[in-house]
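Engineer: Below, each chain spelled out in residue letters.
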Amino acid sequence: MTPTRRQFLLATATGAVAGATGGAIFRAAGGKACRSSLLRPPGALPEDDFLAACVRCGQCVEACPFKTLELAGADGGVALATPYFDAEKIPCYLCQGYDELECIAACPTKALQPVDGIREVAIGTAVIVEEICLAYNCVVCRSCWHACPLPGEAISFDSMLRPVVNEEACIGCGLCTLACPTETTSIPIRPACDGGGAGS
Amino acid sequence: MKKRSPPFRRWTWARRLTALLFMVLLVLGTKEWFVWLKGSTTATTFLEVVPLVDPLAAIEVMAAARAVEWTLLVGGGLLLLAALLLGPVFCGWICPLGLLLDLNGSLGGRLRRIAGGLWPKQRGNRLPGGASTRLLRYAILGFVVAFSAAASIPLFQTISPINLVAWSVLFFHSPLRASAAIAEPGFFETCRMAAGNVISVAGALLLLPAAIMAIEIVLPRIWCRAVCPLGALYGLAGGRGFFRVRLVATTMDHGLCSRTPRCARSRTGRGACAEQCPMGIDVSAEFTRGKKRSLIHEACTRCGACVDACPRKAYRIGFGDRSHG
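Just so you know, the protein sequences line up as chains A and B, in that order.
For the first sequence, the working numbering begins at 5 and goes up steadily by one.
For the second sequence, the working numbering begins at 28 and goes up steadily by one.
Keep in mind that the hints were calculated from the coordinates and are not lab data.
By construction, the Cβ of each residue, glycine as well, lies at the ideal position given by its N, Cα and C atoms.
There could be a bad hint or two in this list.
[Said to hold, decoys possible] Among the chain B residues that face chain A by a calculated CB cut under 8 Å, a handful are:
no., residue
1, ALA70
2, PHE73
3, VAL88
4, TRP97
5, GLY104
6, LEU130
7, GLY132
8, SER133
9, LEU154
10, PRO155
11, ALA158
12, SER159
13, ARG161
14, ALA173
15, TRP194
16, ALA237
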């Protein structure tokens, strides 16, 4: 007995009703504003919009000339297969030496929005861990300032020659994170969806 | 008695090769210098310009983001148009999970022959519940689209075992995509990464495809027939596609079908074609019942298994009715 067209439509409609209910419950249950908190590629929409708009094709990962980006694995939860980077492994070099930000150019959806210069990027904010930062412990060190793409703007020095992050200007590229000489980095990046940066 | 080797299964191997070629192109696409096909199963870019997007991914993302995007419209539209004209050929010819399940089925048949009663038995080529199980994948299609819209997450794209297979090959700790930390991985390094990949993959992400493969030892192609919402969407679009299984003229008229000993001996008694059809279509009955000259069926993926199986060469696959075979 071959199902009729009516039965096909009925099946689809039944599924749709169940799906809408399930989706609403899922959304209500995971109600907090940031459903995942990762360092996203430059130009990424705010986290929840990004999770909706990203098609999870990995073209940004392929396009990244510095192999910064990776697709999140099973530990990413709802963020499975969305692009992120680990600043302690490879930070975002903001495509220095390239005409454009390659990941944004490669993105087939609006999940990565074109940016008007690197100052518009809002990946997150660098946070100095004063307990282990050398400069806060009586050692002269300017590694983060030297690595920063916006030296003087995003990282400046106080009267004691200690680095200070200007949260307004910091874009969260993570170059300082990698450059930091301490064993665990003293200047990690807080993702935009964790309360840092303008993108949250 | 001299045992004759079975005839070369032309369509079977052709479709396996195209599916493999698609994956090879995607793997090459992870390299900077290869621009033919970039991306993975959800969305690709062909020759740096043409977007080719999984139509279900396009629908889900637009529903989740509540925005219309021309790349997705064009990319998804192109593939839907292809399905409309040809049929759901993605399922039969491209899908990497389909390739795995196809090989899994062949392997299962072989093991069954070797291990005899030790290997679990398939009860014919039909799923329990018969044709009505086909409704399930349409219900799931409705479910994933509505869920995506309500939860603002493209649901099926996140958990699809089709994507999991592609992502595992292309991205997750893939030795094919050496990280910048190891500039030129040597042979040993590549092997080490491959081993690490197998372990991490076995740990988590390929569990879903693996589970499907295990289930299909008993329930033939249950994923494609009853679950896959992408197949349902392609089936909706491509049921009447013109790349069809067609009758070679006069074969049926002369009553040659189902009269061969091989068909009569088939487990189900419905003929070699029905037994081999991955979608469980009763192929010869579709032709004899409807007096049709071509098979119009929402589930037919144009894989050509029936063409290869028929001992009388009663079918061909292609466009238009020609009188010669």
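Engineer: Decide, hint by hint, whether the structure agrees.
Structural biologist: Consistency of the hints with the structure:
1. Given the 8 Å rule on beta carbons, the hint for B:ALA70 holds: about 4 Å separates it from the nearest Cβ of chain A.
2. With a cut of 8 Å, the hint placing B:PHE73 at the interface with chain A is violated, because the nearest CB-to-CB distance is about 11 Å.
3. This hint holds: B:VAL88 has a C-beta 5 Å from the nearest C-beta of chain A, less than the 8 Å allowed.
4. The beta carbon of B:TRP97 is not positioned within 8 Å of any beta carbon in chain A (closest approach about 10 Å), and the interface hint is therefore violated.
5. Among the interface hints, the one on B:GLY104 is violated; its C-beta lies about 13 Å from the nearest C-beta in chain A, farther than the 8 Å criterion.
6. The criterion of a C-beta within 8 Å of any C-beta in chain A is not met by B:LEU130, whose closest approach is roughly 24 Å, and the hint is violated.
7. The interface hint given for B:GLY132 is violated, since its Cβ lies 24 Å from the closest Cβ of chain A, which is over the 8 Å cut-off.
8. For B:SER133, the shortest C-beta to C-beta distance to chain A is roughly 28 Å, which exceeds 8 Å, and the interface hint is violated.
9. Taken as an interface hint, B:LEU154 does not check out: its beta carbon lies about 14 Å from the nearest beta carbon of chain A, beyond 8 Å.
10. The interface hint given for B:PRO155 is violated, since its Cβ lies 14 Å from the closest Cβ of chain A, which is over the 8 Å cut-off.
11. Interface hint status for B:ALA158: upheld, as the beta-carbon distance to the closest one in chain A is roughly 6 Å, under 8 Å.
12. Taking 8 Å as the C-beta cut-off, the interface hint given for B:SER159 holds, the closest approach to chain A being about 6 Å.
13. With its C-beta approaching chain A no nearer than about 6 Å, B:ARG161 sits inside the 8 Å limit, and its interface hint holds.
14. At about 3 Å, the closest approach between the beta carbon of B:ALA173 and any beta carbon in chain A falls short of 8 Å, and the interface hint on this residue holds.
15. Residue-level restraint check for B:TRP194 holds (minimum Cβ-Cβ distance to chain A is 5 Å; threshold 8 Å).
16. For the restraint placing B:ALA237 at the interface with chain A, the shortest Cβ-Cβ distance is roughly 14 Å, beyond the 8 Å limit, so the hint is violated.
Violation of the numbered hints given earlier is confined to hints 2, 4, 5, 6, 7, 8, 9, 10 and 16; the remaining hints are satisfied by the structure.
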